[in-house]
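Colleague: Sequence:
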Amino acid sequence: MISINTGQYRWHEFPDLSALHEAALGAILDSAALAIQERGRFNLVLAGGETPRGVYNRLKSVPTDWSAWHIYFGDERCMPPTEFEWNFRMAGEAWLDHVAIPPNQIHAIPGGIRADKAADEYAQTLRGVGMFDLTLLGIGEDGHTASLFPGNDWGIAPDSPDTLAVFNSPKRPPQRVSLSAARLNRSRQIIFLVAGASKHKAVAKWRAGENIPARAIMCETGVDVLTESALLLPKHSE
7 MISINTGQYR WHEFPDLSAL HEAALGAILD SAALAIQERG RFNLVLAGGE TPRGVYNRLK
67 SVPTDWSAWH IYFGDERCMP PTEFEWNFRM AGEAWLDHVA IPPNQIHAIP GGIRADKAAD
127 EYAQTLRGVG MFDLTLLGIG EDGHTASLFP GNDWGIAPDS PDTLAVFNSP KRPPQRVSLS
187 AARLNRSRQI IFLVAGASKH KAVAKWRAGE NIPARAIMCE TGVDVLTESA LLLPKHSE
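First residue of the sequence shown: 7, per this note's numbering; consecutive thereafter.
Source of the hints: derived by calculation from the structure; they are not laboratory data.
One should not assume that every hint holds.
[To be verified] Beta-carbon label-pair distances, calculated as ranges: (1) Asp126 x Arg16: 29 to 39 Å; (2) Gly157 x Gly32: 34 to 44 Å; (3) Pro69 x Asp126: 32 to 42 Å; (4) Arg16 x Glu147: 14 to 24 Å; (5) Glu216 x Ala106: 42 to 52 Å; (6) Asp71 x Pro164: 29 to 39 Å; (7) Lys123 x Pro240: 44 to 54 Å; (8) Pro108 x Ser235: 35 to 45 Å; (9) Arg133 x Asp159: 20 to 30 Å; (10) Lys177 x Glu127: 34 to 44 Å; (11) Lys66 x His113: 17 to 27 Å; (12) Leu40 x Gln14: 29 to 39 Å.
[To be verified] Under the rule of at most 27 Å between Cα atoms (straight-line distance), these lysine-lysine pairs were calculated in the DSSO-like manner: (13) Lys241 x Lys211; (14) Lys177 x Lys211; (15) Lys241 x Lys177; (16) Lys123 x Lys177; (17) Lys207 x Lys177; (18) Lys241 x Lys207.
Just so you know, even glycine gets a beta-carbon here, dropped at the ideal spot from N, CA and C.
Sequences and hints are given; from them, build the entire structure.
Modeller: This is the structure we're talking about:
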């Protein structure tokens, strides 16, 4: 692993996806151990998409005090839970269905109802929840993170609501629920997991300081970005 500090962003390079997944696993377990030792619970926000699936698969076989884990989601697609694209379903199949986290400590975003109603319901779920201990995020080809898309309100202001209803997602389905940037930033630690050749342009914009949604995410301790080394190399014209 090679680490490059750029302001409050710490970029960690890995030669391949497997090495990235192993590093993410270690970071999650370290964060959990510290949170449980200091506060008796671990508040973890999960990322959706394909990149974290390998991390979740690894988590189902590790030793930890699952009774202290509290799981939240950074965003969700408003579609029936039977759909394979549902973040809650993916995390369940890869990990959550296989471990002893109490079901009432796994807080899914309602997915089968209108985005505004689902956002209101999840805002109630988050009432009384303090700082997240660790938030996992990814980045899309257009620079979006969670379901904060270019051209939309990202909920950056300190008084922004915890949840945002999205009705115009450029990717299927159009309706989604996302935690706001302000709520995501109320985390003790934030880790981005970034892999795949399609993310090359978004990473270049991010590192160049362009105003993409991912740049709205920053907590007091900074942000760690775990990425494949190839994404930090100049892209040659074909």
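Colleague: Output the numbers, in ascending order, of every earlier hint that fails for this structure.
Modeller: 10 and 12
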